[in-house]
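**Q** Given chain A, work out where chain B should sit, using these hints.
Listed below are the residues making up each chain.
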Amino acid sequence: MYQELNPLLLSQLRLAILSYLMVAREAEFNILKEKTGATSGNLSVQVGKLQEAGYITVEKTYKNNYPLTLCRITPEGIIAFEQFYQDLKTYFDNQKPPSP
Amino acid sequence: MQTTEKILSPLESLQVIRETIDIAKRTFRDNGFHFLLWGWLVAIASLVHWYLATNNLHEHPEMAWGIMVIIGMPAAIIREWRREKNKREPNVFSQWYNMIWLGFGISMILAITLAVKNHLSPTPFILILMGFATFMSGIMLKFRPLIFGAIVIWAGALWCLFLSDVQHLLVQGACAIFGYLLPGYLLNQEVKKGHVPGA
Numbered sequence: 031m032y033q034e035l036n037p038l039l040l041s042q043l044r045l046a047i048l049s050y051l052m053v054a055r056e057a058e059f060n061i062l063k064e065k066t067g068a069t070s071g072n073l074s075v076q077v078g079k080l081q082e083a084g085y086i087t088v089e090k091t092y093k094n095n096y097p098l099t100l101c102r103i104t105p106e107g108i109i110a111f112e113q114f115y116q117d118l119k120t121y122f123d124n125q126k127p128p129s130p
Numbered sequence: 404m405q406t407t408e409k410i411l412s413p414l415e416s417l418q419v420i421r422e423t424i425d426i427a428k429r430t431f432r433d434n435g436f437h438f439l440l441w442g443w444l445v446a447i448a449s450l451v452h453w454y455l456a457t458n459n460l461h462e463h464p465e466m467a468w469g470i471m472v473i474i475g476m477p478a479a480i481i482r483e484w485r486r487e488k489n490k491r492e493p494n495v496f497s498q499w500y501n502m503i504w505l506g507f508g509i510s511m512i513l514a515i516t517l518a519v520k521n522h523l524s525p526t527p528f529i530l531i532l533m534g535f536a537t538f539m540s541g542i543m544l545k546f547r548p549l550i551f552g553a554i555v556i557w558a559g560a561l562w563c564l565f566l567s568d569v570q571h572l573l574v575q576g577a578c579a580i581f582g583y584l585l586p587g588y589l590l591n592q593e594v595k596k597g598h599v600p601g602a
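As they're listed, the protein sequences go chains A and B. Numbering of the first sequence is given in our numbering, commencing with residue 31 and proceeding in unit increments. Numbering of the second sequence is given in our numbering, commencing with residue 404 and proceeding in unit increments.
Just chain A, with the same shape it has in the complex:
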């Protein structure tokens, strides 16, 4: 069963990042750090993995002369999340005892 779930999203932090971005659509790196309670280093690594998979984009820009890292979910990321959620539902449905 575990093989059927997207292994990239079976990481707590990566799943938390993608779940947050499903609602927010985009978020500053510091906001993600605050919301997930992750360290900068760990968050940076997991954001990089999600970016490599094409699930999020990372834009480095400036706001009031301060550097700003903006993470944004991509259409592929939305599809991957929805598929993951669907797979989870299927998993739990299969756990239910068959009705007589």
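If you're looking for bench data, these hints aren't it; they were derived computationally from the structure. Idealized CB from N, CA, C, for every residue including glycine. Be aware that one or more of the hints could be misleading.
Stated by the list, open to error - If you want a taste of the chain A side facing chain B, the calculated C-beta under 10 Å gives, among others:
| # | residue |
| --- | --- |
| 1 | L40 |
| 2 | Q42 |
| 3 | Y50 |
**A** Only chain B this time, still in chain A's reference frame:
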């Protein structure tokens, strides 16, 4: 929420999704500003229109609505502009919320145009649309007073069937008070108390 790099079980995955989405939704809030602004303006404009029309005090009593728009639109736009400017955490729920009210605004302009063109009172049509947008807001914010407000507004629209066009204005004023103002004040109180409807 403390997150670590660990491989999740399906149940843990579901918990992470639920917790994170709850956290993200908490940034979506409404302090009832627009319900209070438009509640007062619609209530006053309805009564002014009704008073001018029943006493034949003005050739165009409907000008009350023009004045309402002149006051209300800049206030609403400035409020939204300030909110957008200060927003650090965008949220798909607030985008949907804004789209519902944008759709309401467009539908209302079309409904008024068609009703006036066909010599019908636009009030019942406006009330149906007001009820729908208020109902959707109540559902999205999970705030029951707005849902009850929407029911009052829809009931007002039905009541118009039995009244004259001028009396429709009184119903609209009452709907603004019970459908917008009362829920708006309650919503404002909730946010001041630190509760976040919708979270």
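**Q** Take the hints in turn and mark each one as holding or not.
**A** Quick rundown of the hints versus the structure:
1. L40: 5 Å, holds
2. Q42: For Q42 of chain A, the interface hint holds, since the closest Cβ of chain B sits about 5 Å away, which is under 10 Å.
3. Y50: 5 Å, holds
Against the hints set out earlier in the document, no violation occurs for any number.
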